[in-house]
Amino acid sequence: MRTNNLSQRGLHVVSQSMSTVVEIRDRFWSGVWWTEWRRRRQEALMAKVLEDAGEDSMAARTVTERHRWLERGVKYWRPSPPLVIAALEASERAGIPRRDLRLLALNRDLRQVGDDVKVRRAWWAPVLAYSALILILCHWALLSALVVFSPAMWVAKVIGVAAISFFYWFLWPGFGLYSTQAYAAVKRSGTAVEQAARAASPPKAPVVPLQAHRM
Amino acid sequence: MVIDVQNKQDGVQISEHHSDRRAAVKPRTFGQRLRHERDRLGLSQADFAERGGVRRTTQHIYESDTRVPDLNYLERVQEAGADLAYLVLGERLPPGRQDTITLSYATLSNIYRVVDEFCRDDDGHPLPLDSRLRFFQLLCASVKDRGSSDAELESLRSELARFTGT
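Order-wise, the sequence lines are chains A and B.
Just so it is clear: in the first sequence, position 28 is 34 by this note's numbering, and no numbers are missing.
Just so it is clear: in the second sequence, position 70 is 100 by this note's numbering, and no numbers are missing.
Isolated chain B (complex conformation) (with noise of 0.2 Å):
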C-alpha cells in the first residue's frame, strides 16, 4: 500500500517534470493515457471509476484498452480535471485557445466525414444525434488546436481509429 502512494505521488511530480518513465514514451494507446491522467490527477481506480459515474471493473476494463468509454464518461472525467484532447488525441490543448473557431466548408465536410464513419453502433447503425453532435464538437475544438490541412486531419482520423480499436 505505501509502495502504491509512493509510485502515485512520483508519477504527479515527475510527470509534471517531463522525466517519468511513462511520460518519456508517449502513451500510444487511449487505455495507457487514460491511466496516465488518472496518475496525474493522484486518484485511485475506484476514485476515478466514481468520478466517471462508472464501476471500477468498467474503469480497469477502459484502462486496458478492452472496450471503449461513452462520451458521458468522458465528460464527466474532463469534469473531474482530466485533459479530454490528451484522452482522445495524445496531444495537450494549450491554454486560452478554446474559445472560438474558424473553419472552412472543406474542413467542416471533412470533419462530417470522420463523424459519419466513427459514430455508429457495433451494427454500423449512426448513433443518437445527441452523440454525434458532441463528437463533432469535440473534433472542431480539436482541428483548431491541430490546423485543418488533410495531412492534420489524416492523422487525426488515425489517431480515431486507434482509439476506437477499429
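Same shape as in the complex, but just chain A (with noise of 0.2 Å):
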C-alpha cells in the first residue's frame, strides 16, 4: 500500500516536472521571454514617469497604454494591435483554448482586415507545415542511422541515439510552433475564434460625407 502511494507520488512528480520542462521549452521558443523584458523595462520607465509627471499625466497615460499592449503581449504570446486582442479576450471567454489563441496571436495568422478580424487560411500552411516535420524527422532519422551504424560499443550508439532524440524533442516544437501547430490551432478553433470576434466587434456607425450636410 505505501508502496503504492509511493509510486503514484513519484509519477506524478515526474509528470508535473515534464510538464514544466516542456512549458519552459515552449516559452523559450514563442520568443514571449523578449516581451516580458520589453514589459519590464516599460515598468522601469512608468515608475521614473510616475514619479516626474505624476499619474495624471499624459506622459503616463502613453506610458501605461504601451504597458498594457505588452502586458496582453505577454499573455498572448505577442503584441498584437488592440482590435485583434479584443478578439482573443473574447474567443477566450468564449471557452476557446488559450493555447490555441496564443499560437493565432504568435503566428499572426489572426489579423485586422479594415474593421474586422479574420483568421488566415493561406494555401502554403499545410505545405510548410508537413515539409517542416518531414525535414526534421529525416534529419534525425539520419544522424541516428550515422550512430547506429558507426563501430562504436553498443552503449556509446544508445547514448549517442538518446542524445540526438532530446536534441529534437526540444529542437522540433520549435519548428512546430510556427508550422504543424500553428496549422492545427488555425483547424480546430479558426471558425470559432472568427464568431467571437464577430459577436465581439463594436457597432459600426455610418459614415456620412461632409458634402450631404452642406447641401
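Hints were generated in silico from the structure; no laboratory data involved.
Do not rely on the hints blindly, as some may be mistaken.
Incomplete in silico selection of chain A near chain B, CB under 7 Å [as the list claims (entries may be wrong)]:
hint : residue
1    : E49
2    : M52
3    : A53
4    : L56
5    : E61
6    : T70
7    : R74
8    : E77
Cβ atoms here follow ideal geometry from the backbone N, Cα and C, with glycine treated the same way.
Take each chain as given, in its own frame, and dock them per the hints.
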C-alpha cells in the first residue's frame, strides 16, 4: 500500500516536472521572454514617469497604454493590435483554449482586415508545416543511422541516439509552434475565433459625407 | 501640487455627498473603483501602494486595469480601510451584516462552480487551496448580501469576469 502511494507520488512529481520543462521549452521558442523583458523595461520607465510627471499626466497615460499592450502581448505570446486583442479575449471568454489563441497570435494568423478580424488560411500553411515535419524526421533518422552503423560500442550507440533524440525533442517544438501546431490551431479554432470576434466587435456608425450636410 | 491636494479633498468630501462627478457615474472597472477608494481615503498612489505592500508602479497598473491584484493585496487594502465588497463587486456592504451566513445547498454548489472557474492561473491550473478558500469566503459574504437567486449569481459571475478581465 505504502509502496503504491510512493510510486504514485513519484509519477505525479515526474509528470509535474515534465509539464514544467515542456512549458519552459515552449516559452523559449515562442520568444515571449523578449516581450517580458520589454514589459519590465516599460515598468521601469513607468516608475520614472510617475515620479516625474504624476499619475494623471499625458506621459503617464502614454507609458501605461504601451505597458498594457505589452502585458496583453505576454498573455498571448506576441503583442497584437487592439482589435485583435479584443477578439482574442472574446474568444477566450467563449471557451476557446488559450493555447490555440496564443498560436494564432504568435503566427499572426489572426489579422485585422479593415474593421474586422479574420483568421488567415493560407494554402501554403499545410505544405510548409508537413515539409518541416518531414525534413526534421529525415534529419533525425539520418543522424541516428550514422550513430547506429558506426563502429562504436553498443552503449555509446544507445547514448548517442538518446542524445540526438533529446536534441530533436527540444528542437522540433520550435518548428512546430510555427508550422504544424499553428496549422492545427487554425483548423481547430479558426472558425470559432472568427465567430467570437464578430460577436464582440463594436457597433459601426454609418459614415455620412460632410458634403451631404452642406447641401 | 496644490491642485492635487485640493482635488483629493474635494474627492473625499463630495463623494460622501454623492455629488462627485466620478461618483455620479458608477465606476465600471476594478481599476476605477480602486482609484475611487483611494481618493475616498485621501491617500496618494505611493501611500496606498505602501499599505497594499506593492510598489507604486504596481498600484498604477492595478488602477489602469492592466493587471489584477492578488488576495494578499486585497486583504491589506481592506485593513487600510478600503471597502473590499465595493472594490470587487461594485456595491458597498451595509454595516452589521458580516457575521454569520446561511446558504442553501444549491447556492453553495453555484459558489463552488464560480470558485472552480475563476481560481485558476494563466495556464488553467487551480490556484493553491489557501487562495481558493479565501475567494470562497469572499463569495459567500457577497452572495449573502446580494441574495442567492440564479440571476444574482449570474450578475456576480459577470462582475467577476469583468474584474479579472476574462
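| task | Have a go at the A53 (chain A) hint: is there a Cβ in chain B nearer than 7 Å to its own Cβ? | result | Hint on A53 (chain A): holds, closest Cβ of chain B at ~5 Å, below 7 Å.
| field | chain B contact restraint for E77 (chain A) - C-beta distance below 7 Å | value | 5 Å, holds
| task | Report holds or violated for the interface hint on R74 (chain A), using the least CB-CB distance to chain B and a cut-off of 7 Å. | result | 5 Å, holds
| task | Hold the hint about E61 (chain A) up to the distance rule: shortest CB distance to chain B must be less than 7 Å. | result | 5 Å, holds
| said: The hint names E49 (chain A) as touching chain B; please verify it with the least Cβ-Cβ distance against 7 Å. | reply: 5 Å, holds
| request: Against chain B, run the beta carbon of T70 (chain A) and see if the smallest gap drops under 7 Å. | output: 5 Å, holds
| task | For the hint on L56 (chain A), just tell me whether its beta-carbon gets within less than 7 Å of chain B. | result | 6 Å, holds
| request: Could you check if M52 (chain A) really has its C-beta closer than 7 Å to a C-beta on chain B? | output: Result: holds, 5 Å to nearest chain B Cβ.
Of the numbered hints stated above, none is contradicted by the structure.
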